[in-house]
Amino acid sequence: MKVQSIKGAFIPVAVTALAAVLTGCGSQISDPAAAGQPSGGTESCVDTSGDSIKVGFLNSLSGTMAISETTVFDSLSLAAEEINADGGVLGKQLEVISEDGASEPTKFAERAGKLIQQDCTAAVFGGWTSSSRKAMLPVFESNDALLFYPVQYEGLESSENIFYTGATTNQQIIPALDYLAEQGTKTIFLVGSDYVFPRTANKIINAYAEAHGMEIVGEEYTPLGSTEFSTIVNKVRDSGADAVFNTLNGDSNVAFFRQYTSVGLTPDTMPVVSVSIAEEEVPGIGLENIEGQLTAWDYYQTLDTPANTAFVSAFKDKYGADRVTSDPMEAAYTSLYLWKEMVEKAGSFDVDKVQEAADGVSFEAPEGTVTVNGDNNHITKTPRIGKITSDGLIETVWEAPEAVEPDPYLENYDWASGLS
Amino acid sequence: MELLIGQMFAGLSLGSVLLLAALGLSLTFGQMGVINMAHGEFIMAGAYTAFVVQQALGSAGVSLLLSLPAAFLVGGTMGLILEELLLKRMYHRPLDTLLVTFGVSLILQQMARDIFGAPSVDVRVPAWLQGNVELLGAPIPLTRLFILALALTCLAALALLLKATPLGRRIRAVVVNRDLAESSGISSRRTDQLTFFVGSGLAGIAGVAVTLIGSTSPYLGPNYIVDAFLVVVAGGIGQIKGAAIAAFALGVLQSVFEFSTTASIGKVLILAAIVIFLQVRPQGIFTLKTRSLA
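Protein chains in written order, with the numbering used here: chain A, 10 to 429; chain B, 1034 to 1327.
Source of the hints: derived by calculation from the structure; they are not laboratory data. Just so you know, these numbers come straight off a predicted model, no measurement behind them. If a hint is listed, it holds; no wrong ones were tucked in.
In silico contact screen, one side only, chain A against chain B (beta carbon under 10 angstroms); selected entries: (1) Ile-76; (2) Ser-77; (3) Glu-229; (4) Tyr-230; (5) Phe-238; (6) Ile-241; (7) Asn-243; (8) Lys-244; (9) Asp-247; (10) Gly-259; (11) Gly-293; (12) Gly-295; (13) Glu-297.
Listed next, with one range per pair, are the computed distances between beta-carbon atoms: (14) B:Gln-1088 with A:Gly-96: 41 to 51 angstroms; (15) B:Met-1034 with A:Thr-318: 48 to 58 angstroms; (16) B:Gly-1150 with A:Thr-311: 18 to 28 angstroms; (17) A:Lys-362 with B:Gln-1143: 40 to 50 angstroms; (18) B:Arg-1126 with A:Ser-322: 52 to 62 angstroms.
Each residue gets a CB set at the ideal place from its N, CA and C atoms; glycine is no exception.
Chain A with its partners taken away, still in its complex shape (with noise of 0.2 angstroms):
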């Protein structure tokens, strides 16, 4: 009976320790400095001998993030073929070296280290979660490399090797809680997952309701992937919030709608702004279930400019007219442009002289004219308001009169001053 008392035992423990191995799994942040370590000096080791240059793509093509990054490779991809057929930057083709960041901040820290050093890219463009970028801003930092970021993001950030072509607060979240505000909303109620993005977006809302005379009436995170919203959603409908503001990311919402709808609660009774939420994730979620819901980017599909009419007929010829186009998509494809106009600027690759030259270089962008600033990388971008229509895309409802300059660190508002 001994043996099988020990038997007994060991198997109970040795599970429950793999469970807390495997749970820990996820949130495992090792010191991403230490994924790729500067090879000694600066000294680039960029190849601009030939008649083509080398530039690395970092998306997640596989991983819970796949199902949104994939689609910001696709429009790179996209832009590198527009661009190469039409002669190249400086005269030379683009070379796309592209890694998988495995939705991992520490893979991305280790691919982008590979990407400057072993590759020898003259710019790298990806990455989507906040946890990524802080992973991989200290490898492009000790390298003097540049990294090209196409996704809004909670600001209070800038690095001179990072360009940030998605909105910052200032373009996104505030414009949202004004129009909130505008529509007379008293009480918002805070979903978000439970990393970098949603936890400083909502001190940023915490800190605008209170100047604006808005109730928080609840703040909940879940773990990134989660699939349990009942309990967040009963609470919820019990606050009797007047609007709920949506931080939560990648397949997450897919639940959280689902049950959000099926307990009875509408986009009339009380509705969802969505701030990660794009017209290539409707499908996955169910049209069924957000149908009316709003959301909050700089671009939209169904916007109606000349350069935007372009972007979607060559995205739609090259990936097939089932395919749709979203803000992170537009801004990588934008990026991309940026870089090449910046180095033609500068009339080299040269990291410190595309710095130099960054500063007013402007892009006639699908989402209208952006321009970058040069203080802090960030680009000028035109929040919009957008609902969820019946044919799966998103339609503006309202909009800035003009482009706002980014404000990563919210300096002219002075509600902000205790955030930074």
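Guided by the hints, dock chain B onto chain A, whose structure is given.
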């Protein structure tokens, strides 16, 4: 009051999802002692079966009902193949099966990615499961009710199978004393295969159920496998009724924790509670009394 009922149902509902995910595991892990890390991927296979059936048939309502037996067969067949190819060579070597099946789970995830693509696919909820019924003012989602009913049905069917059929008697005999069962003329090979088939098939059914609440993606398995193991371990290895009680207890407990704190803290508390519980009762809620020496 309304909120209390909503929360109680949320707990039961979470418990039913846990039970579905763990029921098959309580057979393969509990009765046979095989640590099958690929169990989560059998759940995923069931979910994709629901997707394929819906794509083929178009109608969400009929396809949901048809995909239940289909997913059972798909999950069961995959389990049978795994058992025949790998596991039968390593019974009584729990750590080896753990590593091998973990490898298999990675292979299955990659296969799903290659076949269906990395983004999640949409399995539509049939019209008759959309919306909710009101219970004393609290909205009870129909999808959740369906899953609860499905979990209880599976539990009853499995209990019946073990208690009242010749197969069930053979399974129980092999669990209690393999050698004695064999010398009484029971083919333990055949019993093992059938047990694994049923256990993995139940994972397939769980897969169909989870398409109703979340997204269907290649990474669905790891979401459930840890919780499923926790249920089986807390319930007492080899005990179907233990698994059922543990699943609902954990579901209710988690929704209470989550309600009074936050989702992340709730998850921490539930793990802490299980660790403490297993310190006090390492054998789980129920113990299997056996005369076997091994």
